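Colleague: What follows is the residue order along each chain.
2 protein chains.
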Amino acid sequence: MNEVLKAIKERRSIRSYKPDMPSKEDLDKIIEAGRYAASAMGQQDVIFVAITDRETRDRLAEVNHDIGGFPEGMDPFYGAPAVIAVLAEKEWPLRVYDGSLALGNMMLAAHSLGLASCWVHRAKEEFEMDEFKALLKELGAEGEYEGIGHLIVGYADGEYPEAAERKEGKVFYK
Amino acid sequence: MNEVLKAIKERRSIRSYKPDMPSKEDLDKIIEAGRYAASAMGQQDVIFVAITDRETRDRLAEVNHDIGGFPEGMDPFYGAPAVIAVLAEKEWPLRVYDGSLALGNMMLAAHSLGLASCWVHRAKEEFEMDEFKALLKELGAEGEYEGIGHLIVGYADGEYPEAAERKEGKVFYK
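Chains A and B are the protein sequences, given in the same order.
When we follow this note's numbering, the leftmost residue of the first sequence carries the number 1382, and every step to the right adds one.
When we follow this note's numbering, the leftmost residue of the second sequence carries the number 1382, and every step to the right adds one.
Be aware that one or more of the hints could be misleading.
Copies of the same chain look alike in the list, so a pair counts if it fits in one copy or across any two.
Unchecked claim - The list that follows gives simulated cross-link-like pairs (lysine-lysine, DSS-like), each with its CA atoms no further than 25 Å apart:
| no. | residue 1 | residue 2 |
| --- | --- | --- |
| 1 | K1514 | K1555 |
| 2 | K1471 | K1505 |
| 3 | K1387 | K1555 |
| 4 | K1390 | K1514 |
| 5 | K1555 | K1471 |
| 6 | K1518 | K1505 |
| 7 | K1405 | K1518 |
| 8 | K1548 | K1514 |
| 9 | K1518 | K1390 |
| 10 | K1471 | K1399 |
| 11 | K1399 | K1514 |
| 12 | K1514 | K1387 |
| 13 | K1551 | K1399 |
| 14 | K1387 | K1471 |
| 15 | K1548 | K1390 |
Since the hints were made in silico from the structure, they are not lab data.
None of the values given here were measured: they were computed from a predicted structure.
Produce the entire structure from the sequences given, and follow the hints as far as they go.
Modeller: Here's what the structure looks like:
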């Protein structure tokens, strides 16, 4: 099995993190992988917001927690110190497909660098809020965006699990 | 750069194919990569229909062509001999995200095996038609599915192009 197929089979969504921050260099590589994902008609309509500022990360977690209606004290980012929010142009009909492809590349890139990651949802609801629209403006993102998802990134706390068994009856040939 | 990051940067969407059919073994590896993509809550709601039967492939191309309103004689599958349709459970709210992640893994897997691929849209419209709903039934796919996309797969005809330049102003840090 080549290294790409191996990474695809071994990657897992990790839900427990050490507090250690990944290097800026690794985060940049992960984002670069997202930028090189295919996009419909080569539109490149996806943007990336890498959040490592603790206060912003914690506030986003708080809002995400409330949207999700999670139990008190539960961190929807599972302790991961870095959160990369992925958004795409609101008016682009294929934004969800394009944003998802970016997130998929980023998961594999993180895994290849020895980092753990997990897609966390509710970015759509967050970035409909004035507070986070203001954050985008502050950072210089012009235009209107829909939140597609977050990739939380960090070092796995505990053993890296094996992939769950795949369900049968999902593949057909003609 | 590790092999995974390299594959991510070098993969391209290819729009010209030789008629040669990829091996069943390689198609299986590509589908396996799709099956190992993350899915929301580990739902594994995605199914894969690998079409190598020429008549079925050509009929799907014809319908895809008509939905797209393309110029006469244009093959929306660009001459690729194999088409893997990806669908996901219609009632699952996160089906487009999950199906897209499967397609992204498949693109990288194909590239890693020396094969070319390209996402082709309009699977949603196709699989709303009785004709292709009947095909799913014939193949034994129970339930209701939404078409997410097709991955066309084959050998690139002509030089494998370099990735287009990435647009500026897509990455922000906080």
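Colleague: Can you give me the call for K1387 and K1555, within, between, both or neither, at a CA distance of at most 25 Å?
Modeller: Classified as neither; 27 Å inside a copy, 33 Å across copies.
Colleague: How would you label the pair K1514, K1555 (within, between, both, or neither) given a Cα cut-off of 25 Å?
Modeller: between (47 Å within a copy, 14 Å between copies)
Colleague: Under a CA distance limit of 25 Å, which applies to K1390 and K1514: within one copy, between copies, both, or neither?
Modeller: neither (37 Å within a copy, 31 Å between copies)
Colleague: With identical chains treated as interchangeable, where does the CA-CA distance between K1548 and K1390 reach 25 Å or less: within a copy, between copies, both, or neither?
Modeller: Within one copy only: 14 Å inside a chain, 31 Å across chains, cut-off 25 Å.
Colleague: Could you figure out if K1405 and K1518 sit no more than 25 Å apart (CA to CA) within one copy, between two copies, both or neither?
Modeller: within (23 Å within a copy, 50 Å between copies)
Colleague: Treating 25 Å as the Cα threshold, decide for K1471 and K1399: within, between, both or neither.
Modeller: Classified as neither; 34 Å inside a copy, 37 Å across copies.
Colleague: Please work out whether the CA atoms of K1399 and K1514 approach to 25 Å or closer within one copy, between two copies, in both situations, or in neither?
Modeller: neither (30 Å within a copy, 47 Å between copies)
Colleague: Is it within a copy, between copies, both, or neither that the alpha carbon of K1555 lies no farther than 25 Å from that of K1471?
Modeller: So K1555 and K1471 pass the 25 Å test across copies only (22 Å; inside, 37 Å).
Colleague: Indicate which option fits the pair K1514, K1387 if close means a Cα-Cα distance not exceeding 25 Å: within, between, both or neither.
Modeller: neither (39 Å within a copy, 34 Å between copies)
Colleague: State whether the alpha carbon distance between K1471 and K1505 is at most 25 Å within one copy, between copies, both, or neither.
Modeller: Both, since 10 Å and 20 Å are each at most 25 Å.
Colleague: At 25 Å max between alpha carbons, let me know whether K1518 reaches K1390 within a copy, between copies, both or neither.
Modeller: Result: close neither inside a copy nor across copies, 38 Å intra and 29 Å inter.
Colleague: Pop the pair K1548 and K1514 into one bin, within, between, both or neither, using alpha-carbon distances up to 25 Å.
Modeller: between (40 Å within a copy, 22 Å between copies)
In the structure shown, a violation is registered for the earlier hints numbered 3, 4, 9, 10, 11, 12, 13 and 14, in ascending order.
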